[in-house]
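K.L.:
If you want the building blocks of each chain, they are given just below.
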Amino acid sequence: MANIKTQSESLFSKKNIGLLKDPLTDNNPVTVQVLGICSALAITAELKASIIMGISVIFVLGAGNVVISLLRNVIPSAIRIIVQLVVVAALVIIVDLSLKAYVPDLAKKLSVFVGLIITNCIIMGRFEAFALGNGPWKSFLDGVGNASGYALILVVVGFFRELLGSGKLLGFPVFGDPVEKTGLYATGYENNGFMLLAPMALITLGLIIGFQRSRNKSLIETN
Amino acid sequence: MEFIQLFLKSIFIDNMVFATFLGMCSYLAVSKKVTTAVGLGLAVIFVMLVTVPLNFLLDQYLLKPGALVWMGPEYADYDLSFLTFILFIATIATMVQLVEMIVEKFAPALYTSLGIFLPLIAVNCAILGGSLFMQQKEFSNISEAAVYGVGSGIGWFLAILAIAAIREKIRYSNVPAPFRGLGMTFILTGLMAIGFMSFGGMLTGGDTPVAKEVVENINPSKTEVEEVVIDSTTLEIVKDSLTQKVQE
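Chains A and B, in that order, are what the protein sequence lines are. The opening position of the first sequence corresponds to residue 288 in the working numbering, with each subsequent residue numbered one higher. The opening position of the second sequence corresponds to residue 9 in the working numbering, with each subsequent residue numbered one higher.
By construction, these hints were calculated from the structure, which means they are not laboratory data. Certain hints may be false.
Stated by the list, open to error - List time: in silico DSBU-like cross-link candidates among lysine-lysine, alpha-carbon distance up to 30 Å:
| id | chain 1 | residue 1 | chain 2 | residue 2 |
| --- | --- | --- | --- | --- |
| 1 | B | LYS177 | A | LYS396 |
| 2 | B | LYS177 | A | LYS395 |
| 3 | B | LYS72 | A | LYS387 |
| 4 | A | LYS302 | A | LYS396 |
| 5 | B | LYS41 | B | LYS72 |
| 6 | B | LYS72 | A | LYS504 |
| 7 | B | LYS40 | A | LYS395 |
| 8 | B | LYS40 | A | LYS396 |
| 9 | B | LYS145 | A | LYS335 |
One chain only, chain B, in its complex shape (with noise of 0.2 Å):
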């Protein structure tokens, strides 16, 4: 049950574009077609899918305070987390080019359909990111850091093909010119953050209690409509979600 819920919180809640604005540049760049955003979006599915409890273990074993314990007790006061960042990220290039041979070797056909883009995965950043945030949560073991890896890489997967799909329905209408392209993909991605905003209460299912605290900055008025509070109380529980994984 842990892990279904894991999973979906990271695909939906938590997710890489919506929530929290990883792998943008691929993002806009790759989604033009829905047939190259399929090919991207399942290299990031799998690349996630290693690297994240790759990167799992090597945070257990090696960066986090006293993690060397294991090589004998006089090692326990090391401290290597300053090297995360590079370790990680030399993680995820090595394994990116691993992945690219393997492909390359046993499937030729999606090597070829996915072209350039398994390289670029490299400087995804919802890869990094995805290990970042699994360092930031502390998952107790490996299934947990695999599980939310595949979850933030469908996520992702997921994001990229709606996009996608929705670009290659909207060249036939009739955009403003400033607006054409960029522009209004970013207002279509924010439009789509709204709407996954509200699998915020999924989980929750409405039995826990609404969050006692008060956000600051959103006060609902003495003559505010029924319907008005109701909003303002699924934004506050997302938005307690969100400041609760940043301040984690």
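Here chain A stands alone, though its shape is the one from the complex (with noise of 0.2 Å):
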């Protein structure tokens, strides 16, 4: 992880850009820090509820990150789990109100999920890790990247099932209509139904493991 630095610097220098790069691809929450699995995989089944969702986590983990940063010389260590689980579950909580209030379809599609935020282990991990001794906007910074690490993998998971599963892409048919046969399905491609099913979720996944590790042969593991 970043060192934790007190000397001042801009805003925008080389070390902050890098929290919020970093994330995204050799140091990616999901794939490489193995964390944040548990809510990410059963919501990819669309491509809409994963960005959506990737969203709602990058708000929740750069708001929450800042709140601990600012707290993080006021709470106990002996409680802080407790506290940390509070402020995570007030925002969610906004979350889960504001999509019910403007979103109230893909509200229910996501059901129980919204609210699993809380134990969404990134977000437990970051404030654990990078929150509790850092300021506020290195902190901000750390939480949306990693926020954002973890979207776009969602983000891709989603892609894929919703394109090979079935056939669309946010709703709107890519590869012509499956009943009237047109476009590619009159050349007889058809539909595979079980990329939107739960075991697919976590395969498609480990195939975007071993893409990145391939490419990044730093990642691999010893075993």
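Got two chains here, separate frames each, mind docking them using the hints?
P.N.:
This is the structure we're talking about:
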């Protein structure tokens, strides 16, 4: 992790940009740190749900990191987990109520998984590893960066699952009409409904991890 | 009979890991050795047994719209359901703390073997997920909630036990380098989830007619051989139960 320094530096110094950018690729919270898979996979059958979930987590982690970072000198370490949980729960309630107000259909589809952002390991992990030891601005960048890394994986998985599973993207048919047999379906192509089921989310993510590691040899585990 | 059905259903069909992906973080992190996996699994079963019925009571007498009516008719309009998340997670965090102290006092051997895993359970999504699903399923009494809690816990235990055993063995196989470790674990979990999908038809026993509603994404073509048709119908059953659950 980025080392902790209190010296003054510009808002967008190289290190700060690094905080924002690293989690997107080489230090991705999902594929490298193995955090936050819990609530991630079940909602990736559709691209739209993935995007909304990604945005929710970006909001919760960005804001939560700032709050925890501001409170870091007043929280007694013995009860910090409960304090963190309360902060996250409050932010998640905000997200949950706004989703219910503005996108009710999607909120129903995400069901309990919005609530499960509370126990998303990325959030507690970032609080513990970063926000408790760094200033608000850096924590904000770190939070947004990590949540974006998470959102990126969600969107990639959601993209493949929706495209291969139902032949659509964001609800628009891409390959033509499967009933009328137009477009790609005229050649005998069929949607793979299996992609929409739970196991394929895991396998897709496994393949993404394998792909990333084959591009970046330093990530390969020694077993 | 109902309890047995609910029990088996929560273990196999609605398996926490394979059907709803809950508790994946600790599932992946703590599944390198069977012994530690067993310790964490037992702790999860125990905590779920305690927290799910407790949260059921909270939900019934505090959170539901109109739940406060036991305090008097003038409270009938109160709806505190927006407090659900905060109260559930607070219950879980305190219960985990309490369980930790009780275990430390009365079973020190178990306490040392569980070690760090006990406090970590507070942020295990399977626990909060169990409570949230319990709320969604609208159980009628507390014993149903307790059975559901234990069943889900056992399901999670089975999952982590299985993957830990497989990971201990796979160390001796020649996995392609990029897939070593995490990638392979994911794919294995996916394959295990496919296996668990076959439990989907267990409780219907084939007596109930296959759901008439055709899932739009699975459209078997006319030339399909019979085996494939059977596959797609089982898929439909599982998918229906999943979508029903989400819609509920």
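K.L.:
Can you name, in rising order, the numbers of the hints this structure does not satisfy?
P.N.:
Per hint list: 1, 2, 4, 5, 6, 7, 8 violated.
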